[in-house]
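Q: Chains as they are written, first to last, in numbering that gives the first Met the number 0: chain A, 0 to 367; chain B, 0 to 371; chain C, 0 to 246.
Simulated from the structure, these hints should not be mistaken for laboratory data.
These figures come from a predicted structure and were not determined experimentally.
Each residue gets a CB set at the ideal place from its N, CA and C atoms; glycine is no exception.
Do not rely on the hints blindly, as some may be mistaken.
Cβ-to-Cβ under 8 Å is the rule here; a few derived chain B residues that face chain A [stated by the list, open to error]:
| no. | residue |
| --- | --- |
| 1 | Ser23 |
| 2 | Lys44 |
| 3 | Gln90 |
| 4 | Ala118 |
| 5 | Met173 |
| 6 | Pro216 |
| 7 | Ile217 |
| 8 | Ser282 |
This is what each chain is made of:
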Amino acid sequence: MKQFFAFIRKEFYHVFRDKKTLLMLFGVPIAQVLLFGFVLTNEIKNSKIVVCDYAKDYASQEVIRKIEASRYFNVQKASMSHDQIEAAFRTGEIKMAVIFPADFYSDLSHLNKAQIQVIADASDPNTATTLTSYLSSILNDFQTEMISTGKVPYTIKPEVRMLYNPELLGAPNFVPGVMALVLMLICAMMTSVAIVKEKEMGTMEVLLVSPLKPYLIIIAKTVPYLLISLLNLTAILLMSVYLLDLAIKGSIVLLFAESTLFIISSLALGLLISVRAESQMSAMMTSQMSLMLPTMLLTGFMFPIENMPVAMQVVSYLIPSHYYYVIVKAVMLEGLGFASIWRETLIMAFITLVLVGINIRSFKTRLA
Amino acid sequence: MRTLRFLLQKEFKQILRSRSLLISILMMPIIQLTLMPLAANYEVKNIAVAVVDHDHSSYSRKLIDKIFASKYFSGGSYTTSYSAAGKLIEQNKADIILEIPHGFEDNLIRDDHEQIFLAVNAINGTKAGIGSGYLGAIVADFNNDIRQQWVHASRFSDAPAIDIVPANWYNPFMSYFLFMVPGLIVSLLTGLGVFSASLNIVKEKEIGTIEQINVTPIRKYHFILGKLIPYWVLGMTVFTIGMLVSRFVYGIVPLGSIPMLYGFLSVYLVTLLGAGLLISTYSDTQQQAVSLAFFFMLIFNMISGVFTSIDSMPEWGKVMSYFSPMSHFAAVMRMVVLKGSTFHDIMPHFLAIVLLGIVFNTWAILNYRKTT
Amino acid sequence: MDNIAIQADKLTKRFDDFTAVDAITFDVRQGEIFGFVGANGAGKTTAMRILCGLSRPTSGAATVAGFDVYKEAEKIKKNIGYMSQKFSLYEDLTVMENITFYAGIYGLSDREIKERGAKLLDRLGITHEAKTYVASLPLGWRQKLSFSVAVIHQPKIVFLDEPTGGVDPVTRRQFWDLIYEAADSGITVFVTTHYMDEAEYCNRVSVMVDGRIDALDTPSNLKKQFNVDSMNKVFYQLAREAKRSGD
Numbered sequence: 000m001k002q003f004f005a006f007i008r009k010e011f012y013h014v015f016r017d018k019k020t021l022l023m024l025f026g027v028p029i030a031q032v033l034l035f036g037f038v039l040t041n042e043i044k045n046s047k048i049v050v051c052d053y054a055k056d057y058a059s060q061e062v063i064r065k066i067e068a069s070r071y072f073n074v075q076k077a078s079m080s081h082d083q084i085e086a087a088f089r090t091g092e093i094k095m096a097v098i099f100p101a102d103f104y105s106d107l108s109h110l111n112k113a114q115i116q117v118i119a120d121a122s123d124p125n126t127a128t129t130l131t132s133y134l135s136s137i138l139n140d141f142q143t144e145m146i147s148t149g150k151v152p153y154t155i156k157p158e159v160r161m162l163y164n165p166e167l168l169g170a171p172n173f174v175p176g177v178m179a180l181v182l183m184l185i186c187a188m189m190t191s192v193a194i195v196k197e198k199e200m201g202t203m204e205v206l207l208v209s210p211l212k213p214y215l216i217i218i219a220k221t222v223p224y225l226l227i228s229l230l231n232l233t234a235i236l237l238m239s240v241y242l243l244d245l246a247i248k249g250s251i252v253l254l255f256a257e258s259t260l261f262i263i264s265s266l267a268l269g270l271l272i273s274v275r276a277e278s279q280m281s282a283m284m285t286s287q288m289s290l291m292l293p294t295m296l297l298t299g300f301m302f303p304i305e306n307m308p309v310a311m312q313v314v315s316y317l318i319p320s321h322y323y324y325v326i327v328k329a330v331m332l333e334g335l336g337f338a339s340i341w342r343e344t345l346i347m348a349f350i351t352l353v354l355v356g357i358n359i360r361s362f363k364t365r366l367a
Numbered sequence: 000m001r002t003l004r005f006l007l008q009k010e011f012k013q014i015l016r017s018r019s020l021l022i023s024i025l026m027m028p029i030i031q032l033t034l035m036p037l038a039a040n041y042e043v044k045n046i047a048v049a050v051v052d053h054d055h056s057s058y059s060r061k062l063i064d065k066i067f068a069s070k071y072f073s074g075g076s077y078t079t080s081y082s083a084a085g086k087l088i089e090q091n092k093a094d095i096i097l098e099i100p101h102g103f104e105d106n107l108i109r110d111d112h113e114q115i116f117l118a119v120n121a122i123n124g125t126k127a128g129i130g131s132g133y134l135g136a137i138v139a140d141f142n143n144d145i146r147q148q149w150v151h152a153s154r155f156s157d158a159p160a161i162d163i164v165p166a167n168w169y170n171p172f173m174s175y176f177l178f179m180v181p182g183l184i185v186s187l188l189t190g191l192g193v194f195s196a197s198l199n200i201v202k203e204k205e206i207g208t209i210e211q212i213n214v215t216p217i218r219k220y221h222f223i224l225g226k227l228i229p230y231w232v233l234g235m236t237v238f239t240i241g242m243l244v245s246r247f248v249y250g251i252v253p254l255g256s257i258p259m260l261y262g263f264l265s266v267y268l269v270t271l272l273g274a275g276l277l278i279s280t281y282s283d284t285q286q287q288a289v290s291l292a293f294f295f296m297l298i299f300n301m302i303s304g305v306f307t308s309i310d311s312m313p314e315w316g317k318v319m320s321y322f323s324p325m326s327h328f329a330a331v332m333r334m335v336v337l338k339g340s341t342f343h344d345i346m347p348h349f350l351a352i353v354l355l356g357i358v359f360n361t362w363a364i365l366n367y368r369k370t371t
Numbered sequence: 000m001d002n003i004a005i006q007a008d009k010l011t012k013r014f015d016d017f018t019a020v021d022a023i024t025f026d027v028r029q030g031e032i033f034g035f036v037g038a039n040g041a042g043k044t045t046a047m048r049i050l051c052g053l054s055r056p057t058s059g060a061a062t063v064a065g066f067d068v069y070k071e072a073e074k075i076k077k078n079i080g081y082m083s084q085k086f087s088l089y090e091d092l093t094v095m096e097n098i099t100f101y102a103g104i105y106g107l108s109d110r111e112i113k114e115r116g117a118k119l120l121d122r123l124g125i126t127h128e129a130k131t132y133v134a135s136l137p138l139g140w141r142q143k144l145s146f147s148v149a150v151i152h153q154p155k156i157v158f159l160d161e162p163t164g165g166v167d168p169v170t171r172r173q174f175w176d177l178i179y180e181a182a183d184s185g186i187t188v189f190v191t192t193h194y195m196d197e198a199e200y201c202n203r204v205s206v207m208v209d210g211r212i213d214a215l216d217t218p219s220n221l222k223k224q225f226n227v228d229s230m231n232k233v234f235y236q237l238a239r240e241a242k243r244s245g246d
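Extracted from the complex, chain A is given alone in its bound form (with noise of 0.2 Å):
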């Protein structure tokens, strides 16, 4: 037991001396959660748009005015032809025209019908269809106080709920996936590049001729990144909650044993790249390839998995992170406990112990 703690201290000085190295391990989330908590959202808003007023009359100023006053629309007044309209689209200075025809409410009070031309870039298809339910929403809302002095028949009014996130932000989606990314990523890549690096130099057969028993070796080349991504994970979570006021709503227990056995899975798939690679570039573009990419797409918290073809969506069941993003969801957002996530955390089980099942086999393998 005493030269397996020698060989943890070992294994540690390697990851600590090296403070390019702890960047990565460190500034790598540090940087992710910022990014995602402050910096990115996949809400559109502040979009540029241009708004050509031909009628200048009470009812498109009031409409302007409320798009003015929606934090989606960054606004700017202009006539504008439609030439113009387009080399402000082709230098990218806008997103979206907006065009009320001359007797715009003169139309609309007389005919009760008018019309308000909108043109979109849809070179971005989401961010063209978001501004124009944007703007259909402020219409509806104008034609609702039009009428409201007279009383409307037959209301249904649908009174909305938003659960856990109701201030529709983006960080409570991303923490989770990023918590999934980050563990992966130094579990996997770091582990599998550290035991490649060890068989390149020539130092992995001091070791295996040591006294020390194979797979204590192998268990102490990981125990470090295991450490390293507990206190990650220790790092995001704080991160999250003073940071980005997301707060943890189940077991933090919990939370970290489920942690705990998708590090494992992810150093099992480490282990069984660096079993593979024969050089540390290889094991890069290996883990690159392999993991990173997988989990990046199909874990579910960049892209929607339900809208990905059939064979992807097969795929997806097949990836630990895809199930561990579900449980820390359901756990730290939710507050759900064990008895509504044993499914996942059995599956998970299962797909851990296959991997360790197939890191001993080739392991024997290599050593006979």
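Place chains B and C on chain A using the hints.
A: Just chains B and C, lined up with the frame of chain A:
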């Protein structure tokens, strides 16, 4: 110039010989470009609604049918109580609970107004906002149907109506691929460029050949050029593969000038490789170089506007994204491919790239010392 | 002064509060094989790196091939060859590709590269291995090849930093044959080593202890001076005083 010839000969031979590296450099764009766009679809659809219908009236049934007829809502499930529906939300089997109260139909007709309850899982804020918006619109539509049924057409048509006449330029079918594929090409190219360039010099440091190079009369800029040019050619190749994939898999034909895109790319690559070299001059081992490259790539990627909108960022986020070369190329790529922007249109981005290129490369050359 | 290849005067290199090279003064004559011996960490490699223009001295003066190490490092590099302790050939290039590369960056013409390359391969007896990857050559051959590549541009001086580490005695003997041939053709050889039998092969030897040169003369004079019968014993006598231990 002669020296450069020998340097280039050596670099190209080394690159072409590392099969596994070459395969991943060339295959990665093809695989990623065919898979990523399939997954990278932010469109909100397939929203699962859990219905709690306490009324079981013809109105409530009509409303429910109307909701499920929409392409946005799928996988409806029926439960008898709100708490049962809540369970479905917890298990991720439902995104929205729609609760129709007992006496919905009767109350609506008798009292002229009635409430329904929507509870939305808002962890994914965007999906919640857009999804509940869609649902609200369907309910409003249903509401109008009811009114038309009960109220004389004359009285009802008094309500003024504003129609939006939408025009979606550049992408009339609202194809998400058209938007994502050009962005993804940029993201891929940038990743490959920075990683391979940053690893290269460090590798010579690790195996010790750099010492041998440093005692030769090679000039600094010859050496750096010798390292840059092969990866520049590689970048051009990867970009071409990307463009071919986007043409033949996704049918995307750039509206703007392709030579201009290549012109911009040729400058962009110099900037990018400068950043990679800079990283490698600060690293002693490949592990360090990868860590640094990864750290900066991550930030470049996140703030580049490829995946999220730059407009929505706070001011300091926008400033950061200005200093990421990737955000300029991503913008230019989308402008030229989708909107046919001209050189005049992309001028500000071009200047930014040139500026960043000068900074990165000068810094890298100054920091690469032959002497300690 | 024409026949002086290297001249060092109170040359010093400090790293923070550690003095790696402590005011060393010596001359190396043209065509001479000059040995630089000392224990690990005595400062041999640092001194050599200064003379090659890889490292800037803290104080003192030195010229190599008549050029100043402070101001004319790049001119020095045109006139020297260098073989480092670490392996200096590219393993993923073939033998001939390595030769072409190094000859090319020293500005040899295509014809010269071809001629000298062929002569070199012939001399080493590995003409049939021209297209072999360096990675698959035995260590001894690689070392001999490294040396031959380091002198392919016929420099005035060649610096060898522990060139025979890990090589068997037969190959070492062959390696020294190559060194003698180079010296005969007028190349000054500056070689560091910690094999004392190799020190015997040098025209003159300087012994470094703790960053200083404690003795400098021909091997036979040194043996006389210390009244012993081998360079090994000379070295032991000097190294006993050393305060710094090996790295």
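Q: The structure should be examined with respect to each hint, and the outcome stated for every one.
A: Hint check results:
{"no.": "1", "hint": "Ser23", "result": "holds, 5 Å"}
{"no.": "2", "hint": "Lys44", "result": "holds, 7 Å"}
{"no.": "3", "hint": "Gln90", "result": "holds, 7 Å"}
{"no.": "4", "hint": "Ala118", "result": "holds, 5 Å"}
{"no.": "5", "hint": "Met173", "result": "holds, 4 Å"}
{"no.": "6", "hint": "Pro216", "result": "violated, 30 Å"}
{"no.": "7", "hint": "Ile217", "result": "violated, 25 Å"}
{"no.": "8", "hint": "Ser282", "result": "holds, 6 Å"}
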